[in-house]
Structures are given as C-alpha cells and as structure tokens.
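Visitor: Sequence:
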Amino acid sequence: MAVKPAGRYDYDYSRLWRRGYTCPEEPAAEAPAATEEPAAEAPAATEEPAAEAPAATEEPAAEAPAATEEAAAEAPAEGSVTELTILWAQWDPADYLQEIGNMYEAETGIKVNVVQEPWGSFGDLFFTEMSAQGTSYDMVVGDSQWLGQATSEGHYLDMTDFLTAEGLAETVTPATLTYYGEYPPASGTYWAYPTEGDANGWAYRKDLFENPDEMAAFEEKYGYPLAPPKTYAELKDVAEFFTRPDDGLYGVAIYTQADYDALTMGVQNALFSFGAGWSDANNNPVGVVNSPEAVEAVQAYRDLYDCCQGPGLSNAFFTEVNDAFIGGQVAMAMNYFAFFPALVNPEVNPFAEQTGFFVNPKGPNGDQFAALGGQGMSIISYIAPERQEAAKHFIKWFAQESMQAEWARLGGYTCNINVLQSEEFLSATPYNPAFAETMTFVKDFWNIPAFGELLRVSQAELGKFIIEGQGTAQETMDAIATQHEQILKDGGYIK
Numbered sequence: 002m003a004v005k006p007a008g009r010y011d012y013d014y015s016r017l018w019r020r021g022y023t024c025p026e027e028p029a030a031e032a033p034a035a036t037e038e039p040a041a042e043a044p045a046a047t048e049e050p051a052a053e054a055p056a057a058t059e060e061p062a063a064e065a066p067a068a069t070e071e072a073a074a075e076a077p078a079e080g081s082v083t084e085l086t087i088l089w090a091q092w093d094p095a096d097y098l099q100e101i102g103n104m105y106e107a108e109t110g111i112k113v114n115v116v117q118e119p120w121g122s123f124g125d126l127f128f129t130e131m132s133a134q135g136t137s138y139d140m141v142v143g144d145s146q147w148l149g150q151a152t153s154e155g156h157y158l159d160m161t162d163f164l165t166a167e168g169l170a171e172t173v174t175p176a177t178l179t180y181y182g183e184y185p186p187a188s189g190t191y192w193a194y195p196t197e198g199d200a201n202g203w204a205y206r207k208d209l210f211e212n213p214d215e216m217a218a219f220e221e222k223y224g225y226p227l228a229p230p231k232t233y234a235e236l237k238d239v240a241e242f243f244t245r246p247d248d249g250l251y252g253v254a255i256y257t258q259a260d261y262d263a264l265t266m267g268v269q270n271a272l273f274s275f276g277a278g279w280s281d282a283n284n285n286p287v288g289v290v291n292s293p294e295a296v297e298a299v300q301a302y303r304d305l306y307d308c309c310q311g312p313g314l315s316n317a318f319f320t321e322v323n324d325a326f327i328g329g330q331v332a333m334a335m336n337y338f339a340f341f342p343a344l345v346n347p348e349v350n351p352f353a354e355q356t357g358f359f360v361n362p363k364g365p366n367g368d369q370f371a372a373l374g375g376q377g378m379s380i381i382s383y384i385a386p387e388r389q390e391a392a393k394h395f396i397k398w399f400a401q402e403s404m405q406a407e408w409a410r411l412g413g414y415t416c417n418i419n420v421l422q423s424e425e426f427l428s429a430t431p432y433n434p435a436f437a438e439t440m441t442f443v444k445d446f447w448n449i450p451a452f453g454e455l456l457r458v459s460q461a462e463l464g465k466f467i468i469e470g471q472g473t474a475q476e477t478m479d480a481i482a483t484q485h486e487q488i489l490k491d492g493g494y495i496k
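Under my numbering, think of the first position of the sequence shown as 2, with each following residue one higher.
Quick caveat, the hints were computed from the structure, so don't treat them as lab data.
One or more of the hints may lead you astray.
[Said to hold, decoys possible] In the DMTMM-like style, the derived pairs of lysine to aspartate or glutamate whose C-alpha atoms are separated by at most 25 Å in a straight line are:
#1 K465 / E294
#2 K112 / E387
#3 K496 / D479
[Said to hold, decoys possible] Have a look at the derived ranges for each label pair, beta carbon to beta carbon:
#4 N283 / A107: 49 to 57 Å
#5 N366 / S428: 29 to 37 Å
#6 A282 / D247: 49 to 57 Å
#7 G249 / P293: 33 to 41 Å
#8 E476 / N316: 20 to 28 Å
#9 G367 / G135: 41 to 49 Å
#10 E241 / D491: 41 to 49 Å
#11 K465 / T83: 53 to 61 Å
#12 S137 / A107: 19 to 27 Å
Cβ coordinates follow ideal geometry from the N, Cα and C atoms, glycine included.
Between the sequences and the hints, there should be enough to build the whole structure, so can you do that?
Guide: As structure tokens, then:
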C-alpha cells in the first residue's frame with residue numbers, strides 16, 4: 002500500500018466531544034501485574050492508522066541503537082530553560098496537551114508550546130528536521146512505528162534510566178510501554194513515555210441487542226443468549242443474524258481500505274487473537290505469517306466481510322465505519338477508540354443513547370488482542386543537555402497520576418494504570434470501560450525501519466484475497482511470508 006509519511010489519523014471525529022472526568026485524589030496504588038506481550042511482533046492505532054516515515058537507512062533490529070543516557074529528571078535550574086517546544090500532529094489531543102502545557106507554565110514559569118502539523122506532513126516535517134539534526138523541537142509525540150527509524154538514526158534520547166529510576170515505567174500498562182516506548186523488542190530499552198493510548202474496539206446497537214423479539218429469535222436459532230460477542234465465532238453468528246439486506250441492515254462495518262494501513266490493522270485484530278503473528282522471536286515470518294492459525298484468522302475476516310459487511314464499505318476506514326453506524330446500516334462497527342466520541346454525541350449519532358461498546362473478541366483458543374494505535378512522547382537527542390533535563394522534568398510532571406487524570410478529563414487517552422482503573426474514568430464515557438480493558442492487551446505491527454515495505458505487502462496481498470476474492474487464505478499468507486522474509490533478509494533483520 003502507499004503509506005503516507007504521517008501518523009495514524011487524518012480526520013478527527015474527536016472534535017465533537019469532551020469527557021466529563023473528575024481527577025481522583027487518592028494516592029497511586031501499586032500497578033497490577035500484566036501478561037507479557039511477545040516482543041518479536043512489536044510492530045498501526047489514533048495512532049492509530051499506522052504511518053510510514055520517509056525512507057531511511059535500515060539497521061538490523063537486533064542491535065540496540067546508540068544513544069547518550071541521561072540522569073533522572075531534576076527540576077531545571079531557575080532561568081536555564083524558559084520555554085519548551087513539543088511537536089505533534091494537528092488534532093484535538095494536541096490541543097489538550099497545550100492545555101496541560103499551560104498548567105505546567107503556571108506552576109513552573111516554563112512556557113510549553115505544542116506545535117501542530119497536519120497529519121499528511123507530520124512525518125515528513127519531523128524526519129526532515131531530524132536528518133539535519135535540528136533543534137527546533139525539544140520533544141515529539143511520535144507514532145509507535147517510528148521507533149525503529151528514529152532510534153536507529155539517533156534522533157531520540159535513550160529514556161531507559163529516566164523512566165525506570167523515576168518509576169514512570171511502572172505507572173503505565175506494560176503493553177503500552179512495550180509498543181510505544183521499547184526498541185529493539187524485548188531489549189528493555191525505552192525511548193518514549195506512553196502518552197496517547199488507542200486501539201481498536203467495537204460499538205454496537207443496544208436497541209437491537211436488547212430487543213426482546215430479537216433476543217428470543219437469536220437464542221432459538223443459535224442456542225445461546227444474544228449479547229455483545231466474546232469470541233470471533235459469536236461475532237460471526239451475531240453479524241449473520243443482523244444481516245438483513247431487505248431491511249437495509251447489515252451485521253458489521255470493518256476496515257477494508259486499500260490505502261495506508263487500514264486493512265492490515267483490521268485483520269491483525271483477528272490474526273493476533275487466533276494465536277498468530279507477523280514473525281517469531283528471531284524475526285522469521287515463514288511458518289508464523291502462513292501458519293494454520295494465521296490462515297484461519299484471515300479466512301475468518303474474509304468470511305465476516307463476505308457475509309455481513311455493510312454496502313459500499315469495500316474501501317472503508319474510520320470515517321466510513323462511523324458513517325455506516327450513524328446511518329443505521331450496521332449493528333456493529335469496529336473502530337479506533339479515538340473515533341468513538343462521535344458515536345455518543347446525540348448531535349451526530351441518532352442512536353447515541355442506544356450505543357454500547359465491547360472489546361475485540363477472543364480467538365478460538367482464548368487468545369485476545371487488539372490492534373494498537375496511539376503515540377509516545379520522546380525527547381530529541383540533538384538538543385542541549387539542559388534542555389533534555391527540562392524536557393524530562395516536564396514528562397515527569399505530566400506522568401503524575403493527578404496530571405494523567407487531568408489529561409483524561411480533557412480528552413486525552415491516558416495509559417496510566419491507576420487512572421484507567423479509577424471509577425471516575427470508567428464512568429466518564431460509555432466506551433471508557435472497554436478502552437481501559439483493551440489497553441491491557443494491545444499489540445502492534447512491526448516498528449522497525451522497514452515497516453513501510455512490510456506494510457505495503459500486507460495491504461496488497463490481503464486486499465486481493467479479502468476484498469477482491471482472489472486466491473485462498475493459504476496462498477495469501479504464503480505470499481506475504483515469502484515477501485516479508487526477503488525484505489527482512491535484505492534489511493539484515495534475519496541473520
């Protein structure tokens with residue numbers, strides 16, 4: 002696919018909302034243990050839709066990028082740094098971060114400027130600046146897919162000691178630390194503080210699911226109660242049940258767009274949950290991408306598309322999915338949580354009061370994952386040491402539980418464990434409980450410098466099979482495995 006050199010979201014549905022959220026005052030609780038994510042598959046989110054950074058010299062993923070490690074953050078000396086600049090894409094969360102920055106200025110006297118660049122040019126702007134070792138920005142909130150290129154080329158400051166010594170690494174869900182901050186995979190080396198969490202979830206029409214006649218008819222046909230599906234098998238049943246072309250109603254709206262990373266992100270919700278992935282621990286895709294589990298997952302996605310996708314959705318991403326749901330065409334819609342605010346806004350969605358949300362279902366063996374979106378905040382390595390320390394001080398301040406609660410109240414998607422579990426957060430919006438649960442089992446596409454090449458292959462081959470109906474699931478995954486293997490060998494990722 003032709004990947005844009007940007008981030009994961011072009012159009013911002015989140016301009017339609019703000020959360021009503023009250024900051025909890027109780028002290029931080031101990032972070033609960035979490036299931037480890039397989040690091041080799043650390044790879045699209047917003048953000049989110051994944052983005053391709055401009056072409057770069059590829060480095061083998063197995064070697065940790067060189068970087069200067071800095072000491073834990075201390076408050077900058079008075080008068081040494083008076084202003085900090087953060088680069089992010091142009092959308093509402095960047096506005097919320099500016100509000101956070103204004104609070105920081107009021108408390109410390111250090112002004113924070115959040116520079117916003119349109120999604121379409123965000124990546125180009127950043128990597129062009131970095132190629133010149135520019136110092137226009139102190140920090141960037143960059144896509145998870147940028148980690149490989151940005152760290153291999155020396156653009157990000159190694160934040161490992163800072164995040165661990167200050168205890169910040171323990172405050173966020175382990176999966177978000179892995180996919181927003183760690184590179185190489187399983188290295189324990191961190192380059193970003195998880196800032197804007199996001200992942201795929203599902204919306205559904207409660208008025209349909211809770212209708213007594215529908216409930217009785219479904220149970221009679223399938224032998225179990227109608228409810229938000231907990232497995233992919235149930236998802237298929239429910240989707241089939243609500244697919245009624247004569248009534249203008251269909252079961253699902255799922256990602257199918259050929260451009261960017263849409264189809265790949267949609268498919269990997271199933272791929273991961275069926276127990277498959279993009280490679281083994283040594284970056285070998287053959288035998289993993291084309292494993293029986295992967296083939297079954299891709300077939301399941303194709304079957305869901307064939308049986309139950311709403312009309313006109315053969316090239317659908319977040320905008321088209323939401324539009325189909327708002328238009329009453331579908332009973333269930335898969336989308337990034339960043340775009341669910343529109344669905345609870347009665348001025349936008351006529352079914353707002355009847356809209357519920359659920360997490361991505363489990364696969365046949367109980368595995369459960371959701372495709373990751375979102376970004377982490379990194380410090381630019383080229384800025385002066387005193388500016389690096391000032392940037393760390395801001396991140397440490399921002400990472401406080403009280404500030405993460407404020408971030409959530411404004412509309413940011415926090416990755417803080419305690420805030421995600423707080424009653425205030427869980428009750429703030431109808432989708433927050435599903436979001437909080439999802440952020441414990443997110444998983445991502447490749448995040449190595451070659452991710453754009455890998456993504457183009459998956460988009461093209463999956464599109465041929467799922468949308469165009471060419472070939473078989475096995476042939477499709479064999480083709481992806483073969484091409485991915487060559488790309489990874491050429492890049493030095495497979496020894």
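Visitor: What are the numbers of the hints that this structure violates, sorted from low to high?
Guide: none
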